[in-house]
Structure formats: C-alpha cells, structure tokens
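A.B. asks: Here are the chains, one letter per residue:
2 protein chains.
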Amino acid sequence: MSRIAQDRAVRTREALIISAAEIFDEFGYAGAGVTKILERAGVTTGAMYFHFKSKSELATAVMSAQQQSIEPPQGSHGLQRLVDITLVWAVRLRTDPLLRAGVRLSVEQGSFGLQDATAFLNWRDAIVECLDVARDEGDLLADADPHAIAEFLVGACTGVQLYSQLISGREDLLRRTVGMWRMLLPGIATPQARQRVLLDADRGYAV
Amino acid sequence: MSRIAQDRAVRTREALIISAAEIFDEFGYAGAGVTKILERAGVTTGAMYFHFKSKSELATAVMSAQQQSIEPPQGSHGLQRLVDITLVWAVRLRTDPLLRAGVRLSVEQGSFGLQDATAFLNWRDAIVECLDVARDEGDLLADADPHAIAEFLVGACTGVQLYSQLISGREDLLRRTVGMWRMLLPGIATPQARQRVLLDADRGYAV
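If you're matching them up, the sequences are chains A and B in order. Following numbering that gives the first Met the number 0, the numbering of the first sequence begins with 0 at its first residue and continues without gaps. Following numbering that gives the first Met the number 0, the numbering of the second sequence begins with 0 at its first residue and continues without gaps.
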C-alpha cells in the first residue's frame, strides 16, 4: 500500500471507531445500527469491511481504545500519576464518547455475547506501570503487590462508575474516586507517600 | 383474599422469580422468553400478570432478590459479619441462579433500558448495618464513614466480580475478595480489629 493509501486507511479506521463510539454511547450495542455508524463516519460498507468484519469487531475496537481519552497532568509520575489517571478518567467519563462507549460496552458486553477482557487488561497494565515506579521510589508498603492492586483497581473503578451512573448519572463520580483513594491508600502506600500524594478533585481537569 | 389464596399467590410469585432468574442467568435479558419462564415456573400467563406486568418487572424483582441467597456464618457480627457476607457472596455467585441473574441483570441493565439502583441500595443498607455495629464496637477508624465505605464496597464488589468473570469465569473471585479486604482494612478498621477479623477463604462456605 502506498503511504497515501496507508494514511487514508488509518484515518478511515479512526473515523469508524469514533463514530461507532458515539452511536454505541447514545444507543447501546443493540440499538446501534451499522448504517448509522457508516453515515456518521462518512465511510462506505466496503471500506468498513476492510477494517472490521462486523459490529461486534467494531465494539471490540471501541472497548480497546478507552485509554486514548486519558491524558494525566504533565510531569506527574508513579503513585501521583496513577491517582491523576483515575481523576481524569472520572471527569472525562462524563463527556468523552470514546471513553463512555468503551466503558458501557465493557460492562454490558455479556448482553451481546462478548467476553473480551482486553480493555480491562490494558488498564491493568497501565496501572502496574505506575505502581512499579511507585515501588521503585519506595512509595508502596513492603507487602504491596502492584499486579494485585492494579487488578483490584480496575474492578473497583468499573463498579464505582456503574454505581455512580445509577445514583447520579456520574455527577458524583469524581468525588467518589477521591473517596476511594482515601480508603485505599493506607493499605498500599507508605505514610510518607500518603502525605505527599495530592487528591484534589481539580486534578481531574488538568492537562 | 383467603389465607390459602394468599399462600398460593406468594408461592406463585416465588416460583416466577426463581424460574425467571434461572432463565435470565442462562440466556441474559434479551434471550429470555416469557413463555420459557412460564413453562419453567408452571404458571399461566394470567397468573404471571397478576404479579408482574412485563419481563422488565420480572427482571427488577430478580435484581432486588439477590440478598435472599446470602446467609453469613451464624454468630458473626459487625466487621466480621460484613467480611463473611462478601465471602459467602463470592462463593454463591458461582452457583446460585438467583444471585447470578441478579448481578448479571444489575450490571447489564443499561442494555435493556433499565436504570434501577434498588439492588445496589439494598446492598449498601445491609453493609451500613454491619458497619454501624463495627463502629459502635470501636472497630472502625475515627474518620471512617460507614455510608461512604458501604457505597464504595458495593461498587468495588460489583466490578471485581465482573473482572473475575471475564478473567476466570469467577473461579478466582473468592481469592480476589480476600485480597480486597487485605487492601481495604487498613483504611477503615483499627489495628486491633484488623488483627481479630478472620479472612480465611473457608468462611465463604460456612453456614
């Protein structure tokens, strides 16, 4: 494929994922028609099938693209970076269609016969990366296991956003995320690290 | 209504909820036909409509009935009772259709247009009850808020079971639940209470 054709293919794929996310976010999996997605993306059926063989493949791609929406405040690293990622996530989950659709599909996937843990494992790996830095810097308790903490966090965040969605349409998700860290930090971080880590809700809006 | 007719109505309602749970657990909401549920329950359409006007009302009743499946070890109370409830939950979620369907429908309800927090709020209230006892016994840290902890726990457990389901078909859920408590207890319970609380996975099987 020529460079120009390659660029076009990448753009088409991106447009399909974004449009699919918007439609999935609005209508859910069952209500999302492929025709609607193609119209929104301005893409032909043939072009879609070059990238995705089915609506289910599109849903899988949307689920896997969640992390593209998250950019934690520059310069933060280790434990602070992990906290920041969750705060930004809590804010963006209220407005970003790619993130909203990814989370919605991940949670509801059983209803359309999927069982794909990829998005959860991607989050786990991103969290382990932060926790490994935190451990190297001496910020974690001696018996804290980055892998186990990361798996718990992925589950906990998934459930907390679902609870928040049912109770408040996610209006209180940022506050709940801060509260989660207040409960969790004593079990994973050293007292020194806990004093240093900033839990201001404002950080969820930082770039 | 005579006493006999009342008893029969209660039994019919119970049979419908149990049968609906079995069918929802197996086929999900979309795949669960009302005819299948009626056949399984041995109930006529007319008898069903006396109790439930629609499949959606049946689903709501199944979601709300989750706690009927949980009986923690006798004699445990306060913080230990709360831990025990989650361990029994982790075990029974592998086999009990009423619990499995309740949790599945609660998580997937967005896919069929429901937004019903009742089951989550029932869990929250049951947890607050245990935590209030724990607080009265001096087992909680001074700044621990039973209501906030309970809301976080409902979300966390919901997400952890979903993660466990995707990774292992819930085979590792009991282990993950024990791990959750090891991470959480330092943030909510006094050192004395933490030493006393038993986290043996075996307690999930106790009656």
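Hints in this document: simulated from the structure, not taken from any laboratory. One or more of the hints may lead you astray.
[What the hints assert, rightly or not] The calculated label-pair distances, taken between Cβ atoms and stated as ranges, are:
hint, chain 1, residue 1, chain 2, residue 2, range
1, A, Ser53, B, Val33, 35 to 45 Å
2, A, Asp115, B, Gln194, 37 to 47 Å
3, A, Ala141, B, Arg174, 18 to 28 Å
4, A, Gly168, B, Val33, 42 to 52 Å
5, A, Leu113, B, Met0, 37 to 47 Å
[Said to hold, decoys possible] Pairs of lysine-lysine residues, derived as BS3-like cross-links and limited to a Cα-Cα distance of at most 30 Å, are as follows:
hint, chain 1, residue 1, chain 2, residue 2
6, A, Lys35, A, Lys54
7, A, Lys35, B, Lys52
8, A, Lys35, A, Lys52
9, B, Lys35, B, Lys52
10, A, Lys54, B, Lys35
11, B, Lys54, A, Lys54
12, B, Lys35, B, Lys54
Being a predicted model, the structure only gives us computed values, none of them experimental. Cβ coordinates follow ideal geometry from the N, Cα and C atoms, glycine included.
A.B. asks: Indicate, hint by hint, whether the structure satisfies it.
C.D. replies: Going through the hints against the structure:
1. A:Ser53 <-> B:Val33: 35 to 45 Å: At 29 Å between Cβs, range violated.
2. A:Asp115 <-> B:Gln194: 37 to 47 Å: holds, 41 Å
3. A:Ala141 <-> B:Arg174: 18 to 28 Å: holds, 21 Å
4. A:Gly168 <-> B:Val33: 42 to 52 Å: Between Gly168 of chain A and Val33 of chain B, where Cβ atoms are some 30 Å apart, the hint is violated.
5. A:Leu113 <-> B:Met0: 37 to 47 Å: holds, 46 Å
6. A:Lys35 <-> A:Lys54: Roughly 11 Å between the alpha carbons, so the hint for Lys35 of chain A and Lys54 of chain A holds.
7. A:Lys35 <-> B:Lys52: Violated, because 33 Å separates the two Cα atoms, which is more than 30 Å.
8. A:Lys35 <-> A:Lys52: Answer holds: Lys35 of chain A to Lys52 of chain A is near 16 Å, not above 30 Å.
9. B:Lys35 <-> B:Lys52: This hinted pair holds, its Cα atoms lying about 16 Å apart.
10. A:Lys54 <-> B:Lys35: holds, 29 Å
11. B:Lys54 <-> A:Lys54: Holds. Lys54 of chain B to Lys54 of chain A sits at ~27 Å (cutoff 30 Å).
12. B:Lys35 <-> B:Lys54: holds, 11 Å
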